[in-house]
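For the record, the sequence lines run as chains A and B. Letter 149 of the first sequence, counting from 1, is numbered 149 in the UniProt record's numbering, and no numbers are missing. Letter 86 of the second sequence, counting from 1, is numbered 86 in the UniProt record's numbering, and no numbers are missing.
Worth double-checking, as some hints may not be accurate.
[As the list claims (entries may be wrong)] Below, simulated BS3-like cross-link-like pairs (lysine-lysine); rule was C-alpha separation at most 30 Å, straight line: (1) A:328 / A:113; (2) A:69 / B:319; (3) B:320 / A:69.
[Unchecked claim] Computed list of chain B residues with no C-beta within reach of chain A, every gap over 10 Å: (4) 176; (5) 180; (6) 190; (7) 317; (8) 324.
These aren't lab readings, by the way, just hints derived from the structure by calculation. By construction, the Cβ of each residue, glycine as well, lies at the ideal position given by its N, Cα and C atoms.
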Amino acid sequence: MKMLSRKASCDSHGQDSSYFLGWQEYEKNPYHEVQNPNGIIQMGLAENQLSFDLLESWLASNSDVLGLKRNGRSVFRELALFQDYHGFPAFKNELVEFMAKLRGYKVAFDPNKLVLMAGSTSANEILMFCLAEPGEAFLLPTPYYPGFDRDLKWRTGVEIVPIHCSSSNDFRITASALEEAYQRAQKLNLIVKGVLVTNPSNPLGSTMNRDELNHLIDFAIKKEVHIISDEIYSGTVFDSPSFISITEAVMEKHVDHETDLLDRIHIVYSLSKDLGLPGFRVGMIYSNNETVVAAATKMSSFGLVSSQTQFLLSNMLSDKKFTSKYIKENQRRLKKRKDMLVSGLRSAGIGCAKSNAGLFCWVDMRYLLRSDTFEAEKELWKRIIFEVGLNISPGSSCHCSEPGWFRVCFANMSQETLKVAIRRIEAFAESSSTASGKENLSHQRSVRSSRRSLSKWVFPISSYDDHEPADR
Amino acid sequence: MSLLSRKAICNTHGQDSSYFLGWQEYEKNPFDEVQNPNGIIQMGLAENQLSFDLLESWLANNPDVAGFKRDGNSIFRELALFQDYHGLPSFKKALVEFMAEIRGNRVTFDPSRIVLTAGATSANETLMFCLAEAGEAFLLPTPYYPGFDRDLKWRTGAEIVPIHCTSSNGFRITASALEEAYQEAEKRNLRVKGVLVTNPSNPLGTTMTRSELNLLIKFITAKNIHLISDEIYSGTVFNSPGFVSVMEVLKDGDYDKTEVWNRVHIVYSLSKDLGLPGFRVGAIYSNDDMVVAAATKMSSFGLVSSQTQYLLSALLSDKKFTKNYISENQKRLRKRQRMLVMGLGKAGISWLESNNAGLFCWVDMRHLLHSNTFEEEMELWKKIVYDVGLNISPGSSCHCTEPGWFRVCFANMSEATLNLAMQRLKNFVVEYSTANGHKRLHHSPKNSKKKSLTQWVFRLSSRDRDRESDR
Chain A
1 MKMLSRKASC
11 DSHGQDSSYF
21 LGWQEYEKNP
31 YHEVQNPNGI
41 IQMGLAENQL
51 SFDLLESWLA
61 SNSDVLGLKR
71 NGRSVFRELA
81 LFQDYHGFPA
91 FKNELVEFMA
101 KLRGYKVAFD
111 PNKLVLMAGS
121 TSANEILMFC
131 LAEPGEAFLL
141 PTPYYPGFDR
151 DLKWRTGVEI
161 VPIHCSSSND
171 FRITASALEE
181 AYQRAQKLNL
191 IVKGVLVTNP
201 SNPLGSTMNR
211 DELNHLIDFA
221 IKKEVHIISD
231 EIYSGTVFDS
241 PSFISITEAV
251 MEKHVDHETD
261 LLDRIHIVYS
271 LSKDLGLPGF
281 RVGMIYSNNE
291 TVVAAATKMS
301 SFGLVSSQTQ
311 FLLSNMLSDK
321 KFTSKYIKEN
331 QRRLKKRKDM
341 LVSGLRSAGI
351 GCAKSNAGLF
361 CWVDMRYLLR
371 SDTFEAEKEL
381 WKRIIFEVGL
391 NISPGSSCHC
401 SEPGWFRVCF
411 ANMSQETLKV
421 AIRRIEAFAE
431 SSSTASGKEN
441 LSHQRSVRSS
451 RRSLSKWVFP
461 ISSYDDHEPA
471 DR
Chain B
1 MSLLSRKAIC
11 NTHGQDSSYF
21 LGWQEYEKNP
31 FDEVQNPNGI
41 IQMGLAENQL
51 SFDLLESWLA
61 NNPDVAGFKR
71 DGNSIFRELA
81 LFQDYHGLPS
91 FKKALVEFMA
101 EIRGNRVTFD
111 PSRIVLTAGA
121 TSANETLMFC
131 LAEAGEAFLL
141 PTPYYPGFDR
151 DLKWRTGAEI
161 VPIHCTSSNG
171 FRITASALEE
181 AYQEAEKRNL
191 RVKGVLVTNP
201 SNPLGTTMTR
211 SELNLLIKFI
221 TAKNIHLISD
231 EIYSGTVFNS
241 PGFVSVMEVL
251 KDGDYDKTEV
261 WNRVHIVYSL
271 SKDLGLPGFR
281 VGAIYSNDDM
291 VVAAATKMSS
301 FGLVSSQTQY
311 LLSALLSDKK
321 FTKNYISENQ
331 KRLRKRQRML
341 VMGLGKAGIS
351 WLESNNAGLF
361 CWVDMRHLLH
371 SNTFEEEMEL
381 WKKIVYDVGL
391 NISPGSSCHC
401 TEPGWFRVCF
411 ANMSEATLNL
421 AMQRLKNFVV
431 EYSTANGHKR
441 LHHSPKNSKK
451 KSLTQWVFRL
461 SSRDRDRESD
471 R
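Whenever a hint applies, use it, and build me the whole structure from the sequences.
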């Protein structure tokens with residue numbers, strides 16, 4: 001008899017193990033401005049490190065909250081005992097207000113329809129448990145966040161069927177791509193329960209436009225399926241066009257039987273990207289569907305948010321002056337960083353997809369590929385890790401259907417480090433264009449320039465324990 | 001096509017809806033020493049409220065820790081970004097040392113083998129996902145914590161098969177009960193993957209004996225299955241015999257060289273010992289590398305807030321504090337339990353006398369039943385909720401095989417409230433035994449009317465009620 005479950009032994013949380021090569025190499029040789037200036041620069045981490053000073057300054061002026069005090073009185077006992085899965089009411093009130101603010105108050109949310117859980121990782125899995133049986137499927141537009149392969153499928157038994165998007169139309173979701181994905185699922189004998197989109201998109205870094213949203217809504221109405229809109233990056237929209245939330249899109253569309261449709265629309269949110277607080281584990285589900293809210297609330301028992309954290313953040317978010325300032329300043333800094341990266345890439349002759357949100361750029365390195373294949377993409381990726389010294393995310397790890405695209409993060413390092421990274425890219429691009437296709441690139445850095453064979457890389461990685469959450 | 005999953009619709013997280021009557025009534029009419037002295041006293045909540053002052057004083061002396069500072073430097077950014085599912089190393093180290101301290105340092109734990117999860121609720125479910133396929137079963141001795149029906153079964157699809165324990169031997173686990181449960185599972189075509197025990201036991205409030213533990217080890221060795229020992233109450237042992245962890249028995253028996261070593265897993269949490277259920281700190285400890293690896297990845301679905309990990313790593317690293325806390329907390333628990341059982345004694349009510357741990361007492365009210373049935377137990381329970389004004393937990397909700405047992409908590413209220421509860425109980429029993437069978441006691445003007453069963457059940461089934469804190 002098998003000792004452990006299949007889930008535990010086969011470890012199929014769906015991640016491509018070679019993806020973690022970059023992580024492993026980074027950990028072995030991490031860049032440091034002073035101590036290791038030739039090390040690998042981490043650009044595969046979608047973290048927002050740009051606005052901590054704003055948070056720290058708020059904390060410094062509100063030390064009582066940290067000390068678990070309210071109006072000078074200790075609320076330690078109350079918090080120590082608070083484990084109600086309905087969540088801290090004040091916190092939920094502030095969150096729905098914050099979410100409405102991020103949407104320009106074009107939609108309003110009811111705190112009773114909000115369910116809190118430890119991170120959007122937990123939120124997404126819970127929605128799968130609520131909406132699908134094992135063996136049923138959700139459609140996801142590619143490219144998508146690699147973590148979904150684990151979060152949505154692993155313990156739930158749910159399948160993902162990709163909706164292929166291509167650069168021919170800026171990776172926008174089309175009605176035909178939706179239909180084609182649905183047909184493919186049918187051929188595989190999979191019952192489709194819904195579509196999950198990330199809006200703004202990871203890894204594209206762009207907000208969905210009205211056409212896309214309308215295609216999505218039409219599709220959901222026609223097929224009577226759910227829409228999950230993971231809006232974790234909604235606060236990182238730093239440029240036009242402005243963010244259109246799924247709720248807003250539905251309202252504006254004036255559909256028949258709107259209530260039926262709204263019963264099938266669920267939003268996921270988190271404070272990990274907008275506020276840069278992934279360590280605090282604050283995620284949530286918003287749904288108009290009472291049964292989903294009730295079931296998700298009970299399921300949140302398996303990952304409640306620490307009351308200490310709920311208290312701290314409910315206070316922070318209740319400071320409206322602070323949140324307004326934060327949102328605006330954070331977006332300004334993100335735009336500045338993104339512009340830096342984009343112009344740096346441009347001067348290296350490298351283009352990227354047009355983006356207005358997120359903590360990363362979707363970079364087009366197709367012309368640097370030896371051939372239009374994923375093998376060539378992998379080769380290029382390894383060169384970028386070992387020769388250029390940058391850990392970036394290859395499009396294949398995001399299930400992109402076209403080789404040559406890479407996600408490059410810009411918000412998890414200092415401005416100086418970004419400049420160093422850009423200089424390295426410029427140097428690499430220059431040498432690449434002056435050399436012939438297969439020629440090995442000699443580079444200015446002194447670190448490991450030798451190329452390892454593929455088999456050597458693959459072996460150690462399968463024994464390497466990944467750093468899951470930070471990949472987002 | 002069904003719009004939602006079966007899990008979402010049938011909401012079978014296994015809780016008996018009538019169980020929440022007590023909760024509902026309490027919420028409508030909660031006792032307050034000043035504002036509502038006739039209200040219902042909550043005795044169904046296994047919370048430890050006795051030692052908060054010790055924690056508060058530590059916090060007051062260590063303000064930097066809550067302020068995200070280490071050695072005067074702000075580590076806010078580091079914590080804000082820390083989401084490594086391997087957990088904060090300093091916290092894991094402090095936690096395993098605390099666990100060892102609770103076990104008198106007779107066993108030690110390796111921090112690399114501990115996996116942090118958002119509460120023991122998460123830990124138990126995660127272990128089910130790791131050890132069993134949907135449709136496979138774990139054996140649990142009755143009576144057991146009602147929440148297990150949800151935590152172990154709901155999303156995992158695992159089954160629970162009870163190991164029947166009775167008052168004839170103080171509800172101890174016997175070899176024959178184990179074997180019988182195993183056979184029962186086979187009859188139901190369920191493959192048994194392991195046994196899960198809570199030690200110290202909830203709701204019994206007793207520590208398992210060495211012979212029970214040896215019995216379990218023998219059983220899981222023979223059947224080639226797992227053992228999960230939920231030791232969430234290990235720090236609440238207030239009387240002899242002391243706590244013996246299954247790890248200690250394995251170590252003493254030199255089992256670490258054997259196969260069974262890898263099949264024993266411990267669950268822990270800071271919700272009971274430290275009284276911090278709101279902070280969501282749970283843990284799995286396993287000697288099996290694969291279980292540790294899989295559980296670590298699964299913990300992504302319920303990580304502990306880094307803010308909380310940091311605060312508690314500092315708290316638990318303070319050995320002077322932990323030493324004092326452990327012994328003082330146990331002292332206070334002992335005092336409270338004594339108060340409760342003296343009150344029970346005055347009311348002519350007996351209890352499981354081996355009660356030496358936990359935040360509750362397993363109380364014997366069989367003599368107050370009109371007949372030895374669960375219907376009668378429910379009738380008695382309603383009387384106690386409405387007429388006596390105490391919310392206690394009926395044994396049937398814990399799957400006890402014998403009617404008439406109730407779990408009564410003593411650590412979640414003030415001393416005065418506990419005394420009042422005992423007074424009310426005494427009055428009830430006096431009236432009850434001097435009256436004819438059906439005479440009702442009018443305790444308070446607010447809740448003296450007894451509602452019909454159908455009315456209660458109707459309202460309950462439409463009320464969403466569950467409280468983590470039921471544990």
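Verification of the supplied hints:
1. Restraint check: the Cα-Cα separation between residue 328 (chain A) and residue 113 (chain A) comes to about 27 Å, which is no more than 30 Å; the hinted pair holds.
2. With a C-alpha separation of about 26 Å, the suggested pair residue 69 (chain A) and residue 319 (chain B) falls inside the 30 Å cut-off, and the hint holds.
3. For the hint linking residue 320 (chain B) to residue 69 (chain A), the alpha-carbon distance of about 25 Å falls within 30 Å, and the restraint holds.
4. In this structure residue 176 (chain B) is separated from chain A by more than 10 Å, as the shortest Cβ-Cβ distance comes to about 23 Å.
5. At the 10 Å boundary, the C-beta of residue 180 (chain B) stays outside the reach of chain A, the nearest C-beta of that chain being 21 Å off.
6. Here residue 190 (chain B) stays apart from chain A, with its beta-carbon at least about 13 Å from theirs, past the 10 Å limit.
7. Distance check for residue 317 (chain B) against chain A: the nearest CB is about 18 Å away, which clears 10 Å, and the non-interface claim stands.
8. Consistency note on residue 324 (chain B): stated as away from chain A, and its beta-carbon is indeed over 10 Å from all of that chain's, at 18 Å minimum.
When each numbered hint is compared with the structure, no violation occurs for any of them.
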